[in-house]
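*Asks:* Those protein sequence lines, which keep their order, are chains P and S. 65 is the number of the first residue of the first sequence in this note's numbering; add one for each residue after it. 2 is the number of the first residue of the second sequence in this note's numbering; add one for each residue after it.
By construction, these hints were calculated from the structure, which means they are not laboratory data. Cβ atoms here follow ideal geometry from the backbone N, Cα and C, with glycine treated the same way. Careful: at least some of the hints might be erroneous.
Examples of chain P residues toward chain S, derived with CB under 8 Å [claimed, not checked]:
#: 1; residue: SER118
#: 2; residue: VAL119
#: 3; residue: VAL127
#: 4; residue: PRO129
#: 5; residue: ASP148
#: 6; residue: GLY152
#: 7; residue: VAL153
#: 8; residue: GLU155
#: 9; residue: TYR159
#: 10; residue: THR163
#: 11; residue: GLN216
#: 12; residue: LEU218
#: 13; residue: ASP220
#: 14; residue: GLN223
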Amino acid sequence: MHKILAALPLVLFVACVDEEPITQAPAIEDPGADALNVTITDTTATGSFQASDSVVTFGVETVSPAVYDMWVELHGLHLTLLVDAEVGVLEFDGYAADTGALTQMTEADRATLLELYKALDVYGNDYEHVSLLRRKVGNWAETSDTMNLTFQHLFDRDQSWTSLCGSCGRWVSASHDCNHGGWWSDATTVNALIKYEGAWCGGDGSAYGTTTSVSCTGEPAGFTTYEYTRGNCMGRCGPGCNSSDTQFTQDCVNHDSCVRGGHDLASAYCDDQFASCTDDDVSAPHCGTGC
Amino acid sequence: MTTRTLIVGLGAVAVCGALALFMLARDDGAKPTAASQAPGVSVRHQAAMPPAVPTPTAAATPTPAVAGVEEPLLQDDKEYPVDPKPATREQPLTEEERDPRMKRSIEMLDQAVARTAAKLAAAEAAGDKVAANTARVRIKRLQEVRKQRASELEATR
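Same shape as in the complex, but just chain P (with noise of 0.2 Å):
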């Protein structure tokens, strides 16, 4: 009975350190039917939906074609967007709800945001204005604490983007720059999977690995040692996989290796990269689910 008792620990223990589970299968979570309430006509959307820790509220109004004026509150922060996808102007602002006093994104709300990205997943592309919101709301998911939630991204919707829709289930090149190095590096450089695919390992989802090893676990000073990584919709504009939004990109794919690359969101050393993206979503086509 000793023995029993005395080993009962060390079989539990070690029954639990293994692997993180893998999702092969992108999965999107379903909040519930009563989570998400939206109003939306053929111009305008707004809604609330309930997350774990908050209720947000939210809308985007079509103001003519093309162009679109969104926001979102939650938690005191008022975010909001000016859009004109046609001539290809971005105008972000982000501040506290009750008086406009400036204020950066945390980490909770950018998990709120995530949830909320996840849940508007179920409209499809059907209406452009919610589309466009729900990507938009995926971006402002990816923005660090560092970023100026104010800021103007002026872009060329022909030619600011790089789509990877031809490299889907190879390999391509991304890069970024940071401390570890500048573009292009040996510590900033990864081979990256382009695929609609789910999450390899916990963590920030990606199995990163050499010729010759794999490991669920990434590396703090960039990509010294592994030379692919994949997993978790890399090079998806927006967090994690979403079946709705498959555009993938190089600019997209470079701030995943940015953030996958001993960064992680929070990151100031991505801020760049994740500007860079912000057009990519208003322009780029979809590849599928099927890349």
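Let chain P serve as the given structure and place chain S on it in line with the hints.
*Replies:* Okay, now just chain S, sitting in the frame of chain P:
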């Protein structure tokens, strides 16, 4: 308290401790931690970006080391969607291209102020203090951003 009860209690404490350690290890795993140096790693990235990385051979494909999970084939037989537009290399905007967009941004901010002012008037008429404050704060922010963009546009001249 019998010896048996004491042993059971100590066992339970040990189990909880082990589980707590496990949870901490899981949390740490969520962020990048030190990685072991794989032997024989070659120099991978050239100074200049290669135009495309060839698909590695099956032997070179990183396979998540998880029992029971099959590695999907990289070159599986499927139809890839066709780009509705050709992929284009990103090109930074020239000054001539930036200027009209900056002007358009200011125009959009002005129009947003007008729309929000109408909402403010409606909220005040309806006695909706929350909506009125939301509109008031937004107008203030729009005007501040508009001022900033105007000065940025002026600086380019």
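*Asks:* Look at each hint and say if it fits the structure.
*Replies:* So, going through the hints one by one against the coordinates:
no.: 1; hint: SER118; result: 16 Å, violated
no.: 2; hint: VAL119; result: 14 Å, violated
no.: 3; hint: VAL127; result: 7 Å, holds
no.: 4; hint: PRO129; result: 14 Å, violated
no.: 5; hint: ASP148; result: 6 Å, holds
no.: 6; hint: GLY152; result: 6 Å, holds
no.: 7; hint: VAL153; result: 5 Å, holds
no.: 8; hint: GLU155; result: 5 Å, holds
no.: 9; hint: TYR159; result: 6 Å, holds
no.: 10; hint: THR163; result: 7 Å, holds
no.: 11; hint: GLN216; result: 6 Å, holds
no.: 12; hint: LEU218; result: 4 Å, holds
no.: 13; hint: ASP220; result: 6 Å, holds
no.: 14; hint: GLN223; result: 5 Å, holds
Hint violations for this structure: numbers 1, 2, 4, all remaining hints satisfied.
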